[in-house]
Amino acid sequence: EAGVVQSPRYKIIEKKQPVAFWCNPISGHNTLYWYLQNLGQGPELLIRYENEEAVDDSQLPKDRFSAERLKGVDSTLKIQPAELGDSAVYLCASSSYRENTGELFFGEGSRLTVL
Amino acid sequence: EDQVTQSPEALRLQEGESSSLNCSYTVSGLRGLFWYRQDPGKGPEFLFTLYSAGEEKEKERLKATLTKKESFLHITAPKPEDSATYLCAAGGSQGNLIFGKGTKLSVKP
Numbered sequence: 001e002a003g004v005v006q007s008p009r010y011k012i013i014e015k016k017q018p019v020a021f022w023c024n025p026i027s028g029h030n031t032l033y034w035y036l037q038n039l040g041q042g043p044e045l046l047i048r049y050e051n052e053e054a055v056d057d058s059q060l061p062k063d064r065f066s067a068e069r070l071k072g073v074d075s076t077l078k079i080q081p082a083e084l085g086d087s088a089v090y091l092c093a094s095s096s097y098r099e100n101t102g103e104l105f106f107g108e109g110s111r112l113t114v115l
Numbered sequence: 116e117d118q119v120t121q122s123p124e125a126l127r128l129q130e131g132e133s134s135s136l137n138c139s140y141t142v143s144g145l146r147g148l149f150w151y152r153q154d155p156g157k158g159p160e161f162l163f164t165l166y167s168a169g170e171e172k173e174k175e176r177l178k179a180t181l182t183k184k185e186s187f188l189h190i191t192a193p194k195p196e197d198s199a200t201y202l203c204a205a206g207g208s209q210g211n212l213i214f215g216k217g218t219k220l221s222v223k224p
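From first to last, the protein sequence lines stand for chains L and H. Mapping to the working numbering: the first sequence position 99 is 99, numbers consecutive. Mapping to the working numbering: the second sequence position 96 is 211, numbers consecutive.
Accuracy of the hints is not assured; some may be wrong.
[Unchecked claim] Chain H stretches covered by chain L per the calculated footprint, using a threshold of three residues with CB under 8 Å from any CB of chain L: (1) 137-145; (2) 177-185; (3) 199-207; (4) 210-221.
Honestly, the hints are just simulated from the structure, not real lab data. Just so it is clear, CB atoms sit at the ideal spot from N, CA and C, and this is done for glycine as well.
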């Protein structure tokens with residue numbers, strides 16, 4: 001079974017440019033998460049989806065960040081415009097509410113460098 | 116405020132030298148304590164979930180334990196391939212997962 005797939009793995013952009021990250025969760029997983037991980041830090045939640053609904057976006061900087069999960073499957077996280085401080089790894093994860101173990105399955109992440 | 120603190124930040128061991136990693140938490144309505152392993156350039160990989168004080172789980176050279184305030188990840192006779200960052204996370208009452216900063220473990224042959 002395929003795991004969580006993220007793309008691109010690496011992205012280098014100039015500040016003020018837009019960038020988008022894509023995530024395909026594990027088939028059947030209704031909960032999808034976007035996390036931000038800075039170097040030497042643990043992941044921090046940006047947004048959590050239950051199916052199509054964003055149930056927790058309290059930590060998402062809404063002035064420049066946006067996310068969508070159309071049809072309750074794939075998700076896209078966008079930053080516009082990017083700032084130097086946005087350089088980090090963006091992790092996508094999914095979980096199954098039905099199994100109710102709380103275990104999250106993470107993708108390999110998208111590493112963003114803003115110059 | 117919900118908080119998870121891990122110590123030490125980094126740990127260097129010789130192969131075969133057993134030790135423990137600590138995770139202390141302050142989370143209202145804890146719905147699980149999770150341990151993950153993260154290799155460089157990879158996403159975190161699930162290891163254990165603990166739900167109640169006194170619970171223990173084992174996997175190969177790793178054993179996780181839980182009390183009402185903290186969790187320990189015991190590593191017995193580690194090998195170089197156990198080198199990684201170990202992340203602790205607490206499940207909050209709102210369905211969120213609060214991560215600590217991790218402990219970077221290096222095991223030298």
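**Those earlier numbered hints the structure runs against, lowest number first** = Hints 1, 2 contradicted; others consistent.
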